[in-house]
Amino acid sequence: GAVVSQHPSRVICKSGTSVKIECRSLDFQATTMFWYRQFPKQSLMLMATSNEGSKATYEQGVEKDKFLINHASLTLSTLTVTSAHPEDSSFYICSVQGLRNTEAFFGQGTRLTVV
Amino acid sequence: AQTVTQSQPEMSVQEAETVTLSCTYDTSESDYYLFWYKQPPSRQMILVIRQEAYKQQNATENRFSVNFQKAAKSFSLKISDSQLGDAAMYFCAYRTDDKIIFGKGTRLHILP
Chain A
1 GAVVSQHPSR VICKSGTSVK IECRSLDFQA TTMFWYRQFP KQSLMLMATS NEGSKATYEQ
61 GVEKDKFLIN HASLTLSTLT VTSAHPEDSS FYICSVQGLR NTEAFFGQGT RLTVV
Chain Z
1 AQTVTQSQPE MSVQEAETVT LSCTYDTSES DYYLFWYKQP PSRQMILVIR QEAYKQQNAT
61 ENRFSVNFQK AAKSFSLKIS DSQLGDAAMY FCAYRTDDKI IFGKGTRLHI LP
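Taken in sequence, the protein lines are chains A and Z.
Just so we're aligned, residue 1 is where the first sequence starts under my numbering, counting upward by one.
Just so we're aligned, residue 1 is where the second sequence starts under my numbering, counting upward by one.
Just so you know, the hints here were simulated from the structure itself, not pulled from any lab data.
Where is the CB? At the ideal position from N, CA and C, for every residue including glycine.
You may find that some hints are simply not true.
[Unchecked claim] Not everything, but these chain A residues come out facing chain Z in the computed CB check (under 8 angstroms):
{"hint": "1", "residue": "Ser89"}
{"hint": "2", "residue": "Ser90"}
{"hint": "3", "residue": "Ile93"}
[Said to hold, decoys possible] Restricting the straight-line Cα-Cα distance to at most 30 angstroms, the calculated cross-link-like pairs of lysine-lysine (DSSO-like) are:
{"hint": "4", "chain 1": "A", "residue 1": "Lys55", "chain 2": "Z", "residue 2": "Lys73"}
{"hint": "5", "chain 1": "A", "residue 1": "Lys14", "chain 2": "A", "residue 2": "Lys41"}
{"hint": "6", "chain 1": "Z", "residue 1": "Lys73", "chain 2": "A", "residue 2": "Lys64"}
{"hint": "7", "chain 1": "Z", "residue 1": "Lys73", "chain 2": "A", "residue 2": "Lys41"}
{"hint": "8", "chain 1": "A", "residue 1": "Lys20", "chain 2": "Z", "residue 2": "Lys104"}
{"hint": "9", "chain 1": "Z", "residue 1": "Lys55", "chain 2": "A", "residue 2": "Lys55"}
{"hint": "10", "chain 1": "A", "residue 1": "Lys41", "chain 2": "Z", "residue 2": "Lys99"}
{"hint": "11", "chain 1": "A", "residue 1": "Lys66", "chain 2": "Z", "residue 2": "Lys104"}
{"hint": "12", "chain 1": "A", "residue 1": "Lys20", "chain 2": "A", "residue 2": "Lys66"}
{"hint": "13", "chain 1": "Z", "residue 1": "Lys104", "chain 2": "A", "residue 2": "Lys41"}
{"hint": "14", "chain 1": "A", "residue 1": "Lys66", "chain 2": "Z", "residue 2": "Lys99"}
{"hint": "15", "chain 1": "Z", "residue 1": "Lys99", "chain 2": "A", "residue 2": "Lys64"}
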């Protein structure tokens with residue numbers, strides 16, 4: 001299966017600053033990557049679909065100007081949380097989903113704390 | 001729209017015993033894929049087992065097996081000979097063409 005590396009694993013930032021999270025597909029050319037948010041003791045909520053070379057597709061209720069996604073290559077997608085606020089504190093996970101008959105491969109996740 | 005429902009927020013099982021986690025889903029499609037993922041305290045998502053809807057035979061992976069009832073849209077996970085390392089959140093998931101939809105999860109406790 002694909003190996004997905006997500007960085008950083010933990011980050012603490014001050015309110016009002018921006019934070020960038022990287023998701024790399026190490027051995028799989030991913031035209032599409034997915035970003036999820038997970039609140040404590042809850043399920044994964046799909047935020048957006050990152051498409052290589054084009055604009056990301058955001059789920060309803062997710063602010064695209066708040067969560068900037070860039071997918072400049074087949075192996076890298078980035079999520080930037082702009083002007084972070086304490087309510088943005090959460091666990092963010094990226095995934096690469098292969099062909100229809102394969103499972104999703106997940107990064108290790110990033111725990112963001114905004115203080 | 002497709003939905004995935006896990007009706008058991010938490011479950012406990014004695015070590016070495018068998019436990020079954022429930023999952024139901026709703027879809028109008030005939031061809032799809034279902035998964036069970038495990039999320040241990042490290043929060044790394046790990047695939048446990050996968051089932052193709054066109055296959056009638058239930059998938060098995062060592063101590064893990066599923067009971068796939070397509071007509072009933074049910075996809076339960078059975079864990080045999082439960083081990084302490086099985087303690088985790090378990091998510092049932094449905095695969096569409098462009099995304100995976102997760103249930104709310106079941107937290108499994110293993111009692112020594």
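Hints versus structure:
| no. | hint | in the structure |
| --- | --- | --- |
| 1 | Ser89 | violated, 15 angstroms |
| 2 | Ser90 | violated, 12 angstroms |
| 3 | Ile93 | holds, 7 angstroms |
| 4 | A:Lys55 <-> Z:Lys73 | violated, 35 angstroms |
| 5 | A:Lys14 <-> A:Lys41 | holds, 24 angstroms |
| 6 | Z:Lys73 <-> A:Lys64 | violated, 35 angstroms |
| 7 | Z:Lys73 <-> A:Lys41 | holds, 26 angstroms |
| 8 | A:Lys20 <-> Z:Lys104 | holds, 27 angstroms |
| 9 | Z:Lys55 <-> A:Lys55 | violated, 36 angstroms |
| 10 | A:Lys41 <-> Z:Lys99 | holds, 22 angstroms |
| 11 | A:Lys66 <-> Z:Lys104 | holds, 25 angstroms |
| 12 | A:Lys20 <-> A:Lys66 | holds, 12 angstroms |
| 13 | Z:Lys104 <-> A:Lys41 | holds, 9 angstroms |
| 14 | A:Lys66 <-> Z:Lys99 | holds, 22 angstroms |
| 15 | Z:Lys99 <-> A:Lys64 | holds, 18 angstroms |
In this structure, the earlier hints numbered 1, 2, 4, 6 and 9 are contradicted, and the remaining ones agree with it.
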